[in-house]
Amino acid sequence: MNLYIVQSLTSWSIRMSDYCIAVFLAASFPGTLFYISLYTFVRSFVAVLLSSTIGSLVDRTDRLVALRLAVAGHRFAVALSCMLIYILSIFQNSDATRWLLFTIFILIACVEKLASVANIVIIERDWVIVVSHSLERNRQDVNAVMRRLDLFTKLAAPFLLSFLDSYSRNTAIATIAIMNIGSNFLEGFKIAQLYHQVPALGKRRTDLTSNPPLAYHANSIRRSGISYAIIRFRKSWEKYIRSPVFLPSLSNALLYLTVLSFGSQMVTYLIAAKFTTFQVGSLRMVSVVAELTGTWIAPVVMTHFGALLSGFYFLLWQATSMSAAVMAIATQKSGSWPAAICLVVGVCLKRLGLWGFDLSVQFLVQEGTPPSTRAQFSATEMGCQNVFELLSSTMTIIFDRPDQFHYPIFISCTMIVLSSFCYFVFVRKAKGFVFQFGSLRI
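Just so we're aligned, residue 1 is where the sequence shown starts under UniProt numbering, counting upward by one.
It should be emphasised that the hints constitute simulated quantities derived from the structure, not laboratory data. Being a predicted model, the structure only gives us computed values, none of them experimental. A virtual CB, placed ideally from N, CA and C, is assigned to each residue, including glycine. Among these hints, one or two may not hold up.
Derived pair list, reagent style DSSO-like, types lysine-lysine, alpha-carbon separation capped at 30 Å [to be verified]:
{"hint": "1", "residue 1": "LYS239", "residue 2": "LYS203"}
{"hint": "2", "residue 1": "LYS235", "residue 2": "LYS429"}
{"hint": "3", "residue 1": "LYS235", "residue 2": "LYS203"}
{"hint": "4", "residue 1": "LYS203", "residue 2": "LYS190"}
{"hint": "5", "residue 1": "LYS429", "residue 2": "LYS239"}
For each label pair, taking beta carbons as the anchor points, the in silico distance ranges come out as [claimed, not checked]:
{"hint": "6", "residue 1": "PRO338", "residue 2": "TYR86", "range": "31 to 41 Å"}
{"hint": "7", "residue 1": "LEU107", "residue 2": "THR276", "range": "27 to 37 Å"}
{"hint": "8", "residue 1": "GLN279", "residue 2": "THR414", "range": "21 to 31 Å"}
{"hint": "9", "residue 1": "SER94", "residue 2": "ARG401", "range": "23 to 33 Å"}
All chains, please: the whole structure from these sequences, using the hints.
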């Protein structure tokens with residue numbers, strides 16, 4: 001199925017770039033979390049400001065054009081980032097030059113981040129709904145397969161990078177750049193095939209006239225472009241907050257204030273704890289296997305309990321998984337091997353519940369969002385997620401030493417508790433009646 005091929009290619013490029021940039025930056029600026037945290041902070045900040053605008057543009061743009069632009073923007077931005085990483089490795093002794101290159105690198109990373117937001121919103125929150133409906137596929141199963149493909153690329157990408165990096169760092173950098181450029185053209189071909197295979201993708205989204213506030217402000221308030229952008233930003237967030245699926249979306253977003261994943265901060269921490277690139281890749285593999293298991297379990301649990309209660313059960317699993325790990329970390333010296341191993345075990349168990357919860361919330365959001373504002377809502381949702389990613393980066397900018405990493409861990413666990421509370425409020429509101437969007441019982 002072309003949808004799965006497109007998802008595989010897109011996920012491969014995004015996952016590979018996320019992981020390789022973290023490893024390359026950690027190697028370029030050893031012994032500190034500051035640079036990788038600043039990098040993730042700025043990317044998240046830009047996503048917070050502009051994600052809703054990206055979503056609005058996607059809603060108003062032809063589906064084929066929007067996805068092709070998003071793919072090309074991301075792939076070429078990653079290729080340029082790899083080139084800058086290589087140049088950074090040359091200027092090891094020039095602080096001024098390295099800061100200049102790092103600044104340019106962050107600017108390109110912002111473009112890459114916005115393009116990846118558009119990629120994910122278009123494919124996972126719009127195309128998957130249209131395609132599954134047109135081909136009469138069960139969307140819960142399609143969502144699960146899409147997530148498995150995403151997680152498989154998350155599993156395979158670190159191993160390829162670890163193999164290349166163990167041979168030669170420059171070879172790894174060049175390979176990632178070439179793969180992204182080549183992937184752009186292959187993806188463009190498969191995207192066009194899918195677009196013509198499913199005629200519904202060529203139809204305009206319905207209810208495009210149901211969004212009068214922005215048009216009203218654009219015509220009645222003739223101010224500067226900045227004023228209009230502020231109005232658009234505010235209206236997008238107002239619609240997001242007023243949505244009937246705001247609470248589960250917020251609950252999911254709260255989990256992005258975390259270092260409990262094999263993201264850039266934890267990878268840097270493990271490298272500082274004397275883990276090799278191969279060991280980090282192997283541990284990441286174990287984590288992804290747990291996540292893949294979650295995508296197999298989630299549809300079964302959702303079929304039995306419904307998406308609403310399934311989400312709550314998966315949250316409880318996350319809280320339980322991390323409780324023992326936190327107790328162990330509290331009694332060990334931060335940065336030690338025992339503390340790192342306890343953290344890895346807890347994170348791997350937690351990730352099983354995380355993706356089950358993510359699939360539950362994704363289904364709720366898909367059912368609770370009208371087609372005309374689907375991309376805008378999803379992009380604003382990703383902006384909300386990036387608010388908490390930004391706060392996560394702030395944590396590791398403040399606690400930038402590996403021996404302080406236990407503080408971000410404790411804060412991350414607190415966010416799981418807060419997320420559970422928000423979702424519990426949502427479940428309580430739904431208690432006592434059949435919770436429905438359209439004709440589907442969830």
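Each hint tested on the structure:
For the hint linking LYS239 to LYS203, the alpha-carbon distance of about 24 Å falls within 30 Å, and the restraint holds. Straight-line distance between C-alpha atoms of LYS235 and LYS429 comes to about 25 Å, which keeps the hinted pair within the 30 Å bound. A hinted pair counts as satisfied when its Cα atoms are at most 30 Å apart, and LYS235 with LYS203 qualifies at roughly 26 Å. Distance check on the hinted pair: LYS203 and LYS190 sit about 19 Å apart at the alpha-carbon level, within 30 Å; holds.
Between LYS429 and LYS239 the alpha-carbon distance is near 20 Å, which keeps this suggested pair within the 30 Å criterion. About 37 Å separates the C-beta atoms of PRO338 and TYR86, a value consistent with the hinted range of 31 to 41 Å. A hinted range of 27 to 37 Å for the beta carbons of LEU107 and THR276 is consistent with their spacing of about 32 Å. Taking the beta carbon of each, GLN279 and THR414 are about 29 Å apart, inside 21 to 31 Å as hinted.
A beta carbon spacing of about 25 Å between SER94 and ARG401 agrees with the range 23 to 33 Å that was offered as a hint.
Of the numbered hints listed earlier, not one is contradicted by the structure.
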